[in-house]
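Quick note, the sequences are listed as chains A and B, same order.
With my numbering applied, the first sequence covers 136 to 514.
With my numbering applied, the second sequence covers 136 to 514.
Everything labelled a hint here was simulated from the structure, so no lab data went into it.
Among the hints, erroneous ones may be present.
Pairs involving identical chains hold if they fit within one copy or between any two copies, as the list cannot separate such chains.
As the list claims (entries may be wrong) - Below, a list of computed lysine-lysine pairs in the DSS-like style, where the Cα atoms sit at most 25 Å apart:
1. LYS364 to LYS464
2. LYS180 to LYS286
3. LYS446 to LYS228
4. LYS367 to LYS228
5. LYS510 to LYS213
6. LYS367 to LYS177
7. LYS344 to LYS231
8. LYS490 to LYS344
9. LYS363 to LYS344
Since we're looking at a predicted model, the values are computed, not measured.
There are 2 protein chains.
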Amino acid sequence: MKRYLYTPGPVMIPESTLLEMAHPIIHHRTPQFSAIFAETLKKLKWLFQTEGDVLVMASTGTGGMEASVTNFLSPGDKAIYVNAGKFGERWDKIFKAYGIEGIELTAEWGQAIDIAVVQKALDDHPDAKGVYIQASETSTGVAHPIEAIAKLTAQRENTILVVDAITALGAFDVPMDKWGIDVMISGSQKALMLPPGLSVVGVSEKAWKLNETATCPHFYFDLATERKKHYKNDTTNFTSAVTLIIGLNHNLGLMQEEGLENLFARTEKMAAATRAGLEAIGIKLFAPDAPAASVTSAWVPEGIDGKAFVKSMRDDLGVAVAGGQDPYKGKIFRVSHMGYLCEWDVYNSLTAIEKGLASFGYNVVMGTAAGAAAKVFNG
Amino acid sequence: MKRYLYTPGPVMIPESTLLEMAHPIIHHRTPQFSAIFAETLKKLKWLFQTEGDVLVMASTGTGGMEASVTNFLSPGDKAIYVNAGKFGERWDKIFKAYGIEGIELTAEWGQAIDIAVVQKALDDHPDAKGVYIQASETSTGVAHPIEAIAKLTAQRENTILVVDAITALGAFDVPMDKWGIDVMISGSQKALMLPPGLSVVGVSEKAWKLNETATCPHFYFDLATERKKHYKNDTTNFTSAVTLIIGLNHNLGLMQEEGLENLFARTEKMAAATRAGLEAIGIKLFAPDAPAASVTSAWVPEGIDGKAFVKSMRDDLGVAVAGGQDPYKGKIFRVSHMGYLCEWDVYNSLTAIEKGLASFGYNVVMGTAAGAAAKVFNG
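This is chain A alone, in the form it adopts within the complex (with noise of 0.2 Å):
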């Protein structure tokens, strides 16, 4: 059956790529290798708009979560966090871990937080180190106000503003330095359109004053010796992921390529064509207020089981979305809009969501969605 993969991370990998990552492996403590590590670096500050210090690590997004906390806090520290999501969950996780006292802001799935809420927040708590929050929630498909928040921690000399933009980065403009982002974290199965296995973090000069202080423990994720070994060295500190490493450098090419506009402007409109295609045919959108370039989030028709649709959206169709997590596992569906992907992908997936939705009893006219979709894209 030809598969098509439209969840959001991992998303569908060019095939260049998979055939560059076939090449006969090389060792990394070449010039060989450093060669193509330092081009990597310089793309990647490119993609992150930063002129800081991009670093690449292996492991998942998760990692570099984790570092993002460990690097800049001490145990005992305050620090703010968005929960409204999976995702936003993960920051109290990881503070509970480390002895980080976390000062919870909620916003219900699906809708972004109040930026006057975060406000309050930096207002009551100034001695706060930091605001952890995600540019685009993943489990309900929102974007958050990051540059409205960047504008409140850039005030404030002693709180870093630390954003997880895995599923943002190379989806949407979260422009690292021009908004005033400290640490910014993505993974590279997402836009990077690469297999799992490498984070990747943006960290500002305010942050790296931070780290100085931070006591919170850490070896594998250490920060300030990765500094050390990228922009010193052109390695990393523990064995490259090399293989991985090729590919982004190749994918990063082909993102420069088409440049960072139109990367963002052709994201934008699959999740517009989407969003307009799934209203067309009767689905309510998750987020409608807020919604995230990267991910359309919606809801799964009353009276159908989520799960069962999703499984046979991937099994009996050969079109893989994701289904809900955690509270929302069965009711909503989400279709990614990331990397690999363009204008055909939308009929595509639109057109295969209407299949399954009628192979549950749904009443939809065949091409609607893709019809609505359509609007958006020829204007």
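Guided by the hints, dock chain B onto chain A, whose structure is given.
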């Protein structure tokens, strides 16, 4: 230029594995991937020779080493470690990061630890919670006496034996259950014949007991949670390194086809042949008393710049061997026998070493080393 990689990790990857990993990616939270993962875990238990749990995480082997500290010890705990090379040193760095009191036992680089020294340390420190050691110290090519040490720790209810088998697992016999090893660690880019990016950790019941009371902080490297996810849900706690795990499953299949006994005999024969070949051309072995089958280390002849020699081997001859590390940089070189290698690779590497040495003025009759090696292969 045709290139050969005889470094002790990364090692050459079978062509079939490269192609297997170049298939379109699949999602990790699917029955399809879970079936592969469950199969992989079974095969890993076979390779570890254990009925216990083997866990797979997205990190390099060092992540596995860190996990073997933070999941079993508490700050203030005492642990014995053997420092006889670069990787032995690493235990102490991890201990320091997490507030463990390390009891250091040393041997010269190139020597194995004296079992009497371990015995004495265990007697002097009955409160030591663990003995941390390398099965094969990659930086020196030495095999430590793991079986004898396991006999000592097995008698002690509250002391676990933690073995870094990163360049041992799949290269020579380190039967986890039979010898009574409590925690055993490996990494993907060694005898597992994969790109870097996976660590694998085997854990005994005795170690799990210690895990229950261990308080060193950890989140990403959480073995108890991984155990549940691995063995109850056929998945990983965080995003699975899908591609590497698929490659791992494939490679474990290749290893099972060959059989453990044949695999170890092939590796040992390649190592013995390499040692014989090097000695036949007057090269002194660096670890003659306790050579590991996985990697042969030897002195660069006096008067030759070891760094230039290794560089010339790689860049002029296309045959990469590794140089020495830290105090032995430029003084020794190292040749791997792990993974996808056979008799012909031994002749290749030895003859290239002859040619490389000759180009630096060393007096050698080409073919001498291969001739001596052939005697080992042909009995």
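Hint check results:
1. Only between protomers do LYS364 and LYS464 lie at most 25 Å apart by alpha-carbon distance; the minimum there is 18 Å, versus 42 Å within a single protomer.
2. Proximity of LYS180 and LYS286 under a CA criterion of 25 Å is satisfied intra-copy only: 22 Å inside one chain copy versus 53 Å between copies.
3. In this homomeric assembly, LYS446 and LYS228 never come within 25 Å of each other (Cα to Cα): the closest approach is 30 Å inside a single copy and 47 Å across copies.
4. Taking the shortest Cα distances, LYS367 and LYS228 sit within 25 Å of each other only across copies (21 Å), while inside one copy they are farther apart (34 Å).
5. Taking the shortest alpha-carbon separations for LYS510 and LYS213, neither the intra-copy value of 49 Å nor the inter-copy value of 68 Å comes in at or below 25 Å.
6. Taking the shortest alpha-carbon separations for LYS367 and LYS177, only the intra-copy value of 14 Å comes in at or below 25 Å, while the best inter-copy value is 43 Å.
7. In this assembly of identical chains, the alpha carbons of LYS344 and LYS231 lie at most 25 Å apart whether taken from the same copy (23 Å) or from different copies (23 Å).
8. In the homo-oligomer, the alpha carbons of LYS490 and LYS344 never lie at most 25 Å apart, since the shortest distance is 54 Å inside one protomer and 52 Å across protomers.
9. Proximity of LYS363 and LYS344 under a CA criterion of 25 Å is satisfied intra-copy only: 15 Å inside one chain copy versus 39 Å between copies.
This entry does not satisfy hints 3, 5 and 8, going by the numbered hints stated previously.
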